[in-house]
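Enquirer: Here are the chains, one letter per residue:
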Amino acid sequence: MKNYNDLILRTMTQLIAFILLGFSVYLFFAGHNSPGGGFIGGLMTAAAFILMYITYGFDNMSKVLPINFRAVLTIGLLVATLSGIGAFVFGEPFLTQTFGYFNLPIMGETELATAMIFDLGVYLTVVGVTMTIILTIATDQKEDSQEQAGM
Amino acid sequence: MSNLAVLPIVIPLIASVISAFIPKKLGLSRFIAKLFAIIFLVYAGYLAWVVFTDGIIVMQASGWAAPFGISIVADYLSVTLVLITSILTTAAVFYAPSSLSQLQESYYFYTFMFLMISGVVGAFLTGDLFNLFVFFEVLLMASYGLIVLGGGKVQLRESLKYVLFNVFSSMLFVTTIGFIYASVGTVNMAHLAERIQEAEQAGILTGLAVLLFFVFAIKAAIFPLYYWLPNSYIVPNPVVSALFGALLTKVGIYSILRVFTLIFNHDIGITHEIFTWLAIFTMLFGVIGALSTQNVKLIVTYNIIPAIGFILMGISLYSSAGIEGSVYYLVHDMIIKAALFFLVGALVVAAGTDDLRKMGGLITRYPVLGWLFFIGSLVLAGVPPFSGFIGKILLLRGSLEQEEILLTVAALITSLLILYSMIRIFVRGFWGDTVEGLPEGQNKKVRHLTIPAAVLLAISIFIGIGAEFIYPHVETIANMLLDRAEYINAVLRE
Amino acid sequence: MEILMAILASILFATAIYNLLQKQFLRIIIGTVLLSHAAHLFLLTMGKLKRGNPPVLVEGVTNYADPLPQALILTSIVISFGVTSFLLVLAYRTYTLNKSDNMDELRGSSDE
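Residue numbers (this note's numbering), protein chains in the order written: chain A, 93 to 243; chain B, 5 to 498; chain C, 852 to 963.
The following block holds chain A by itself, in its conformation from the complex (with noise of 0.2 Å):
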């Protein structure tokens, strides 16, 4: 374990990674009708990730989120297809959304429209991708002398 100061920054991360996660989560469902969406919500999820990946070590962040981003990013494409698929079914053209208002158990009454769906396969993408790409670089001097044997 490395000993470096970096106690202010392990204190604010504690603090700031969840209010990112909190604040993507509300840009998140924000997403249809204002600004915000699956995309910057995605990015800002990622961001607080990245920013607990460079605060705890990539070791200790793997086992506290043992996700495969890959697969993250897969099942969020699937999603985001389906989601246009879905009007198929009721004989409407690719992509129709609707949305309805319902009463919640916390959230009280609540606009939700199917276009979250294909938010949420956004959200899951951008995730997955962000992490993919940042950890394929970040980890790759692991690699290294696997790949120089193997050339």
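Partial pick of chain C residues on the chain A-facing surface, computed with a CB cut under 7 Å:
#	residue
1	V929
2	S936
3	V940
4	Y943
Please keep in mind that the hints were generated in silico from the structure rather than gathered at the bench.
Source: prediction; values computed, not measured.
Note that CB positions come from ideal geometry on N, CA and C, so glycine has one too.
Given chain A, work out where chains B and C should sit, using these hints.
Expert: What follows is chains B and C alone, placed relative to chain A:
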């Protein structure tokens, strides 16, 4: 009903996503790829049949009517190209397992391939200029993934140049769309076509047309913007090169065909005159490139460029014979280019090198491959009665009608040189003394690589010999492109 | 305001082209990023800059902002985000394999 038009985009997309879940299970992902490719092929055939019998199908995404929403238009030209794309996809899926190493195949090859097919089909089907940009990006992103597949030093180096070049042209495309939106106020193609007839500032529009042509010319590799193409197309695996050569540049030339027949035909004197000269230079420089090298892959890659020149030649004539010739040549060239790339891939495996100087006498060991290659060369060069001949005869008739003597002469010289450049491979590689040290035990692999190419060649020969059957459809396409009213009415007044 | 934005976009275009013509990968990538910013800014300006209500959502809105350029830019931003991140990975891999980030040293030659 209207959803019929969007399914060709969705089917490969689903295939892409599903195969992304199982990259390591090769048997399963091969099976799924073949399954979806065949579904796609059957569906594309069905769609083409429906469109040619019942007329154009338009899908307005989310149900927003035409100029406001995104239109997906399955017209005669689009469905024909979608059908060809589906044939090539099927051939590629059957070719890939023998051509790629298992490592390359497991590194999301099928995901990227189907994503690229989805983008290509989207670009053919879209009725919206900005949407065209989006589908360009989809297919380019996937092509970036394919070009670096299993990347070694040289491959990554050339890929980087390819990506940078395409990023630049994409941003130019966005800027041009900005200009078009500012001056005409719409990005829907049918709506643009109407508005431009009413617009008064013809000078600005011509400027925009040339800018847009520049963007597409980068993608289509038209003189003088083809220099990125040869090196970046030979570095990936033959199956990837085949898809690139048969589809990506053709998307560029398709966009030119679409935009400059539907939208920007207000000032044919300027734009189409430029095309004539560029077509001449593209044909000649491309074929000179093919003659300049001893690398078999590079010879076939350079031969992409004169084909683009021939298609551009038809667009520049802007007559019914010219457009018919372009469409015929486009269809013919997509299939034969894929077949030739497949054959060259097999040849490189058989000879163990891509240097023509180190080959010789392969005909004794691989007679089928040799004769298929010979037939492929004849088809490409346009020797009667093969498909290249019909396309060329239409183009030449068109250019003689308008007394474009220089264009005609350039086209004839190019045809001859294409034949020479291809026959050189046949004579040097298959004929002559057998060289020492040919790799042993490749017979089975070569046979697997030859079968998809043979099927494509058979289709190509059918397009030539069955011209009686094909030509009426080409005529329908050309009439639709020249008349425009049918397309505009189908999109805007439904 | 439109004039200012147009000048800003043109400055961005100029710096982008300057950076694209450099030799190091990173500068070239920064060039592509700037190029996409310039294109987006330009696209926004082309749709006329004004404040207004969202159209479509409520009936009878008269003073509405043009939604199309915004939709186009959003799409385009997402795309250039994807391309840029891919480009960074690719440049990094090319650098580690070829041991150089100088375009001059990465020219192809026929003997390979």
